Structure formats: C-alpha cells, structure tokens
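Asker: Between the sequences and the hints, there should be enough to build the whole structure, so can you do that?
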Amino acid sequence: MIRLDGVGKRYPGGKDALRGVSLRIARGELAFVTGHSGAGKTTLLRLIPLLERPTRGQILIANVSLTRLPRRRIPLLRRGIGMIFQDHRLLNDRPVFDNVALPLIIAGAPHREIGRRVRAALDRVGLLDKERQYPVTLSSGEQQRVGIARAVVARPPILLADEPTGNLDPELSAEIMRLFERFNELGVTMLIASHDLTLIGCLGHRRLTLVDGALVDDGLGGCREI
Amino acid sequence: MIRLDGVGKRYPGGKDALRGVSLRIARGELAFVTGHSGAGKTTLLRLIPLLERPTRGQILIANVSLTRLPRRRIPLLRRGIGMIFQDHRLLNDRPVFDNVALPLIIAGAPHREIGRRVRAALDRVGLLDKERQYPVTLSSGEQQRVGIARAVVARPPILLADEPTGNLDPELSAEIMRLFERFNELGVTMLIASHDLTLIGCLGHRRLTLVDGALVDDGLGGCREI
Amino acid sequence: MGSLGQFTRSPGSNLMTAGVIGIALALPASFLLLLDNIQILTTGWQGQPHASLFLKRALDAGQVATLAQQIGARASVTQVRIITPEQGLQELRELSGFRDALTLLQSNPLPPVIEVEPRGTLTPVQVDALIDALAVLPSVEHIRLDRDWLRRLHAIMQLLQRAIWIVASLLGVTVILVVGNTIRLDIENRRDEIVIVKLIGATDAFVRRPFLYSGLRHGLAGGVLACLLVETGHLLLNGPASRLAGLYGSRFELTGIGFSGSFTLLGCGAFLGLVGSWLAVGRHLIAIEPR
Amino acid sequence: MGSLGQFTRSPGSNLMTAGVIGIALALPASFLLLLDNIQILTTGWQGQPHASLFLKRALDAGQVATLAQQIGARASVTQVRIITPEQGLQELRELSGFRDALTLLQSNPLPPVIEVEPRGTLTPVQVDALIDALAVLPSVEHIRLDRDWLRRLHAIMQLLQRAIWIVASLLGVTVILVVGNTIRLDIENRRDEIVIVKLIGATDAFVRRPFLYSGLRHGLAGGVLACLLVETGHLLLNGPASRLAGLYGSRFELTGIGFSGSFTLLGCGAFLGLVGSWLAVGRHLIAIEPR
Ligand SMILES: Nc1ncnc2c1ncn2[C@@H]1O[C@H](COP(=O)(O)OP(=O)(O)OP(=O)(O)O)[C@@H](O)[C@H]1O
Ligand SMILES: Nc1ncnc2c1ncn2[C@@H]1O[C@H](COP(=O)(O)OP(=O)(O)OP(=O)(O)O)[C@@H](O)[C@H]1O
Ligand SMILES: [Mg+2]
Ligand SMILES: [Mg+2]
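Residue numbers (my numbering), protein chains in the order written: chain A, 14 to 239; chain B, 14 to 239; chain C, 723 to 1013; chain D, 723 to 1013.
Because the hints were derived from the structure by calculation, they are not lab data. From a predicted model like this one, the values you see are computed outputs, not experimental measurements. Note that the Cβ used here is the ideal one computed from N, Cα and C, for glycine as well. Incorrect hints may appear among the rest.
When the alpha-carbon atoms are kept at most 16 Å apart in a straight line, the in silico EDC-like pairs for lysine to aspartate or glutamate are as follows [claimed, not checked]: (1) A:Lys28 / B:Glu144; (2) B:Lys28 / B:Asp225; (3) B:Lys28 / A:Glu42; (4) B:Lys28 / A:Glu126; (5) D:Lys778 / D:Glu837; (6) A:Lys28 / B:Asp142.
With the Cβ distance kept under 7 Å, some of the chain B side facing chain A (calculated, not the full set) [said to hold, decoys possible]: (7) His49; (8) Ser50; (9) Gly51; (10) Gln71; (11) Gly179; (12) Leu181; (13) His208.
Answerer: Put into structure tokens, the structure is as follows:
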C-alpha cells in the first residue's frame, strides 16, 4: 500500500531530515514510527499525502508513484489519507462539529449522512457534548481528539497519526490505541508516530525506528521497560 | 509561595473547569499536577500568572493577593513566573534566538548579558545549533524545548510547565526532568502538569491529582506501574 | 453545506471593507460623471467661432433674409442669425452705459449683420474655407471672426480635463490598491484556514469559493455604496448647478449616474471584488503547495 | 535591542500600505490646494461690482481728474479709472464691429466716465452706501452698477466650492477608513505576537512600541508619497494654467504645496499612522486581558 524507495528529504536550510529510507507497508498493516525528537518522524508522515515532496527517491501509494502525480490529482490523494497532526491544525473560527465535518463536506457527502457520521466519530473520542464549542475553548487533549475524529470520519483507507496521544492521559491513550486497532481490523492501513514506548511496546505491532533521518530498526516491538 | 483558597473557574460557556481548589506550594517546592484530559490542569496553571482570572476564591503569590493586583502590575507578576505552554506559543516570524531572548529583552537586560544567557539556555535543551532557525522549521519536540529555554532563561523564582515533555522521547523527557530538578535545587518553586505517570511516579515528588476540576489527591507519588 | 460556507467575520470589519471599496469606486465615478457633464455643457457652448458678416448698407430686409437663408442652407453652417441695424443699435445701447449717447445719433449708422455659426464638427481648416467662401459673396462688406474667447475656452477646458484625468487616474490606482490591499490583508488573516483545508484534500476550487463569495459580496456592497454616494453628490450639486444655468438662461440639468451607470458601478465593484479575491487566494494556494 | 524591534514584513506589503496611505492623503491635499488657487485667482478677479459714474457732459478734463482724485481718496474705494469721451468712443469702436458706423458720428456723444472699484472687504450694504454717496455728487449725471456678472461668478464659485467640499470630505472619510482598515488588518495578522509577548510579561508600552514605529513609518512614507504626487500634479497643471492666465494678460502661477504644506502632509501622515496603530493595538491589548 505504501512503499518508499531510498527516500531522502533535505529542507531548504540544508538539513537532511530523511536519508535513504526504504520501506513497504502492506495493505491493512499497522506500523509505529519512533525515534528521538527531530529524527524525522513528522517529515516521513508528511511525505505520504504530498504535504512535502521528497528530494530523493520515490514514493508509491497503492502502486501510484507520487512523483508523476499531476497537481490536480493531489486533493484526491489527500482525501484517501486521514492525517492526525501533531499540532492539531483545527479551524479556530468554526465549532467542533464543522471541523470534524470538513472532510465529508470536501468529499461532497450528502447532508444527512454528515450529521450522523460526525456524531459517530465524536462519540468514539468522547466529545459528543462539545460539538458546538470552538477549538480554543477545549483543552489540548480535547483538541487532539477532535483531530482524531476529523481524520477518521471519512473512513479513509490510509490513516497517518503524528503523536496522537501526546496530550492524553494514559487511560485515554490506551483507549485511543484500541480505537486505532479496531480501525486496523477493518482493513485500514495505519502509520503512527509515537514516543510512547510503554504503550507501543505492549501492543506488539511492527515498529520502525528512525535515528537522525535513517531507518535503523524495523521489527516487532517487545514489551520492554525503560 | 503559591496559595489557592477555594478557587473556582467557570468559563463563559458555563463549564466549571475548577471547583473549590485549595492548595499551598511552599517556596522551593516541586509539585506535579496530573489528571485526565480536560481535568483542569491547564486552567489551574493559567490562573497563577493571571492569564485567566478565577471566578471564585482567591490566589496569593508570595503573599500578594492577585484579586487586588492593579492592572499595571500584572506584567511584573508575569516576569517573575516562567511558563512553558502546552502549545509552545512561539513567535513564528522570529528565529529561535530572538524567541528565547524575549523575556530578557522585556526585562531590559543588557545586550551582552542576553547573548550569553540565551546560549546557555539553548545549550541546556540541546538546541544550540538551531539558534538561527525559525520555529516552523523545527520539529515539535524542538519547539517544545525552545519554549522550555524561553521559560528558564530569565531565571524566574516560579516555573510553571504545562505538559513540557508531551512531544519528547523518553530519554529526552528524563533529561528535561533532571534539568527541572536542578532548577528546583537552586530554589525555584515549580508546578508541572504532566500525563507521564511513569516519569513522575519514579521521581518521588508531591503529586496533585485533579478529577473534573476538583483536587482529589495531594500526596507523594510512588513508582507504580500502569 | 456543499461548500465551506461563509467564513464568520465581525460585521464591523465587513462594513469597513465595503466602505473602503465603495468610496474608492465612488470617486472616479463622480469624476467621470463630472467630465460627462462638462462635455454636455460645452457642446451647448458652441465649440466653433462665430463669424459676423457685415453686409452692404444698401441691402433691404428682404435681401438680407434671402441671403441668410442661402447661407443657412450650406452643409457647413449650423445656424444663422440676422441682426438688423435697429437690433444692432439696441444691442449697442445695452453694452455698457452709452444709451444716452447713442440716442443723440440722427440716423442709424449700423449695417445689417448676419451672424453665422459654423458646424461644430468642422476642422479649423474647413472653418477657414467656409469663411473665405462667405467673404467673396457680393453682398458682404467685410467679415469678422471671433476666435479670442474660443482660445480662452479651449485653454480652460484643457486645464480642466488634464486635472480631471490626473485625479481620475490617481483614483483608479487607489481603487486597485485599496481593493487589492483590503482583500489581501483579509485573506492573509485566514491563511491558516486555507492551509488546513488544503491539507485535508480540498481542491483549489473548493478553497477559492467562499473567498470569491465574500469578495463578490464586499464588491457589490461597495458598488451599492458608491451608487448612493454619487447620487447624493449629484443631488447636492444639482441645485446650485441649475441655478447657475438659470442665470445664463439655460435649462441645463446635471445628468445623474442613471440606470446603466449604476449597473456599471455595481459590475465594477463585483468584478474588482472577485478578481481581488481570486488573485489573493491564488497567491496562497501556490505558496502552500510543496515544490 | 531594548524593544521588540521591527517586525519583519515583506517589502511589497509595506509598499502597498504606504501607497494606499499616500494616495489617500494626496487627494484631499490636492483639492485643498485647488481651492486655495481658485481663491487666489478670484481675489484677482475683483470680488466687488464696479460702478460707472457718468459725469455731466459739461465737465472738462481737469474737473474730472480732481473728482476722480477725491473719490479715489475715500477709504472704501480701491481704484478709480477715468474714461474720457475719446477713450469711451475708442472702446465702443472696438466692441464688436461698429468701427465704421461710429466714424460717421459728427461729434462725440459720450460723457466722461469714472469707473470706481469699491474695496473688496466691503459688505453689500457698505457698497450700497458708497454708491448712494457717489450718486448725490453734483457732477454725477447717473450711476450704473454692474451686478450681473458678479451673480454669475458667485454661482459658479458656489457650485465649485460645494463640489470641492463634497469631494474633500469624502476623501477625508476615505483616508480615515483606509488608514484605519490597513493598519487594523495589518495588526490583526499579528494578534498572536501581541498575545504571546503579553503572556510573557511585556507591558502595554512595550507591545505598542514596534507597532507605533511601523505605523509612523507607514504614515511618513505615505506622507512623502503624497507630497510627491501633489507636486507632480502641480507641475503637470502649471503649464496649461499659466498659458490660460496669459490669455487674460495675467501672470498667474499655480501655487504649489510649498514647504509648510509638505510639512503638514507629512505630519498628517505620521499622525494618522500613529493614531491608527495606537487604536488598533489598544483594541487587542484590551481583548486579551482576562476580565
Ligand atoms: N521546514 C523545515 N525546514 C528546515 N528544517 C526542518 C523543517 N522541518 C523540520 N526540519 C528539521 O528536520 C528535522 C526532522 O524534523 P521532524 O519534524 O520530522 O522531526 P520529528 O521526528 O517529528 O521530531 P518530534 O518528535 O520532535 O516531532 C528536525 O531537526 C527539524 O529541525
Ligand atoms: N476558554 C474556555 N472556554 C470554555 N471552556 C473551556 C475553556 N478553556 C477550557 N475549557 C474547558 O475546561 C475544561 C478544562 O480545560 P483544561 O485546558 O484546564 O484541561 P487540561 O486538564 O489542561 O486538559 P489536557 O490534559 O487535555 O490539556 C475542559 O473541559 C475544557 O473544555
Ligand atoms: Mg514531529
Ligand atoms: Mg491542558
């Protein structure tokens, strides 16, 4: 489903955020990306929906090369990929409901469908009672959950999550992880960047470890202690 | 140093974020605040530098009641309190150096002093080589560390940290916690909101637990497992 | 639904934007209207020199009338006016205070005169040709062409038109700057929104739509305001203008902006609003795509 | 250091802001200048009616000169001009084409005339009193006051002034709207900066300073631009204007904006920039403090 071949990313300043990363993620797989702060986790995730273009190598999503993707097809690519951003990226002047409804509106879903699916998504992250509030009046954890609801509401075949539980307490984090696993069971391909080794370790999924932009480890995580 | 008497905070929407919280933090003490997402941790921290006013109860900082503090004295209060924000709150159009220097510039520190102290602070969080970059070109963890450097650079007597390690990997988190402990040993009064129970638990400091805006537990944390 | 819908904004800032666009549009419109009015007025002022044909004193009234008719029939002549010796003396009496002096004349020393007004479309060369043709008529004693006041009128008009063009072009630049700047700053404020919606997979068209709507709305509101302003100005000035025209015995009325003018103004407003938003959004859309 | 310093902005947007302020300032300035020039011009046109005193025909040149001197010595009279019967006849000949007719006169039928120009500062009542006083002089046969052209001039002036005031006040509103809007939107873009700096403990004065600087800079740049625009307009119009004045035998020159005018314009720009930023920042400063 997702395939990277020798992908490198050098930012304009000259910083190499990724160096020759090659990996394959099969359809329906769930993989974690870990690594120290600044290792390139966010950069890796941003390459997949073409929020950023690689400077070297090539990326294939569902066997389509992103290098040759014409500009007008990018929105369609992005609609097929749900992304949870590390900094939430919510529209501050629109209430929670509208934020979550955005992907459906963009995809042109029928009106009644929207209300039903937005409420289902909000219910799953435990924010049904906050649907009319504005993002600034939410706690960080609540904003993060709005971001999660928005990413999953359109049921995309690929879900990318950048530190989705960074602002959540351990119980809620575990719950969200269980939610992700349920999605995965429904066939969604998932790539989750996370520092929470305690959490990842115990779940027993594939783990990609980045160090300074290079992929140094690609295997199953064990339940190790820190 | 910090004293809350029956403090309540009701947001305009009618939400009670804090309900009758009373606590005392002695000069030079280090305390953690934990609680589920939306428990009121951020709200509690924001009351102390008067970023938000309590709707009930009263707050005394260094024996000065905030209720009677005239408006023009608020900046002085805030300069005495270093705050690390959950959402970083950096100036996006100024490089890292300028962001960290801001508290010193506001306090009117001499020019040479500024350069020396900013670099010392950046060195402590491991970002000396990024001093000329802009916040948007930093990873989330790096931005969080810039926020930490900014909070400590002016050596305030009180330090408030809202989820300071949410975007950091476990090693770096532990390192930052050690940094905070060193500050604490130098006599800085500290209040740190955190979800990272693994980290907090093992350090053996006082722990305040909020549930739905009420203080339900105030005691030493043990190294318990989740 | 079906689009992002209106981005909520404070009504005050909306009003201000529409106000700036409205005034910016009203000013050049008023000036063009002024230019229009001046042109209407000055075509009334007969843009060509008059020629006065002093006829032989021996001609009687009938002969003079026949001659005037012949001259008036020429294609190059708009109008002829006969001034009989009696009328001439009367006019002369009314010119300054010589009434008493002229009553002393035993006989009327004045010849009959025909005033000829060449057609306004003639070139100076054609006017000269006409004059030459009239001068050789046997009944014409001599001919006098009044060019002085024309030179003056011409100079005044030139000055006025140049001033109006300078002002109008300045105002044109202002309109573009103001509208562009207003919409640009407006959209800059919502850069985050544009970026976020794009990140989620919105097409350019989807992102653009609400901005085009609001640009159109601002532009139309500005256009309506401009129409109101211009009409108000027209009403305020019409009183003194027709009083003035009355003094000259004319029934001149300032023309207002009218239906088609209002329409043009609204159209300009809408167009500027649309194009301004389009350009401003476009800049952002390009800026956020990865290279 | 010592302050937040300049907030970095794209030079393009700075230029645009200064441009909008500049044009917005230049337009009312030009109009006030135009009003100034018209007033200078029309005081040259003698704002008071002339009186023509037709004297008794029996007076000889010496008596007329004495009388003229006496009248000219009055405080309410600016100027007197003697028109001898010969000069009168000459003028009459030059008025339209009656030259030949008037050479037929056996004797000069015209009386000596004194043209009196009342002082410009007189009220109409005072002018009437003067006329009455002159009318009863024994050597004066009768007196004629030319009011017609004055009524016309007055009407034109009224129209012109009203138009200019309408335009100038519209432009004034524009300046305030444009400057306010520009600075407001400019600052709205930096709301985050204001909030963050306040969170860290900056005083209001500290937050305000860079915005005041940039407001001042934009205002001054706008003022300079306005001066340049007005001077350019002046130079463009001066040619036709003095050509026109030449036709009337006058040596009139359009007055430019001058040193004090430029100074005022710069001052206005700076003031507007400062006040605009002050108000706009103030709104944010209040908005972010907890109640
Ligand atoms: N736009 C940019 N321009 C220049 N450098 C950048 C840019 N974005 C990121 N970087 C640099 O690239 C490196 C990798 O950044 P990235 O955001 O991918 O890290 P990360 O693994 O997500 O870290 P974290 O866990 O702290 O979020 C960092 O050192 C960062 O400073
Ligand atoms: N400005 C506001 N207006 C209305 N409600 C608010 C506002 N800010 C916070 N709240 C609500 O108050 C509650 C407490 O918020 P707070 O940010 O203090 O939580 P928190 O403990 O910091 O949570 P997290 O760990 O997710 O950051 C939340 O339910 C939130 O929705
Ligand atoms: Mg990251
Ligand atoms: Mg919080």
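Asker: Each hint: holds or not?
Answerer: Status of the hints after comparison with the structure:
1. A:Lys28 / B:Glu144: holds (14 Å)
2. B:Lys28 / B:Asp225: holds (10 Å)
3. B:Lys28 / A:Glu42: violated (41 Å)
4. B:Lys28 / A:Glu126: Measuring from Cα to Cα gives roughly 30 Å; hence the hint is violated.
5. D:Lys778 / D:Glu837: Between Lys778 (chain D) and Glu837 (chain D) the Cα gap is close to 14 Å, so the pair holds against 16 Å.
6. A:Lys28 / B:Asp142: holds (11 Å)
7. His49: holds (5 Å)
8. Ser50: Because about 3 Å separates Ser50 (chain B) from the closest Cβ in chain A, which is inside the 7 Å limit, the hint holds.
9. Gly51: holds (5 Å)
10. Gln71: Violated: closest Cβ of chain A sits about 24 Å from Gln71 (chain B), beyond 7 Å.
11. Gly179: Cβ of Gly179 (chain B) sits 4 Å from chain A, so the hint holds.
12. Leu181: Check passed: Cβ of Leu181 (chain B) comes within 5 Å of chain A, closer than 7 Å.
13. His208: The hint holds - His208 (chain B) has a Cβ within 7 Å of chain A, the shortest such distance being about 5 Å.
Checked against the numbered hints listed earlier, the structure breaks hints 3, 4 and 10; every other hint is satisfied.
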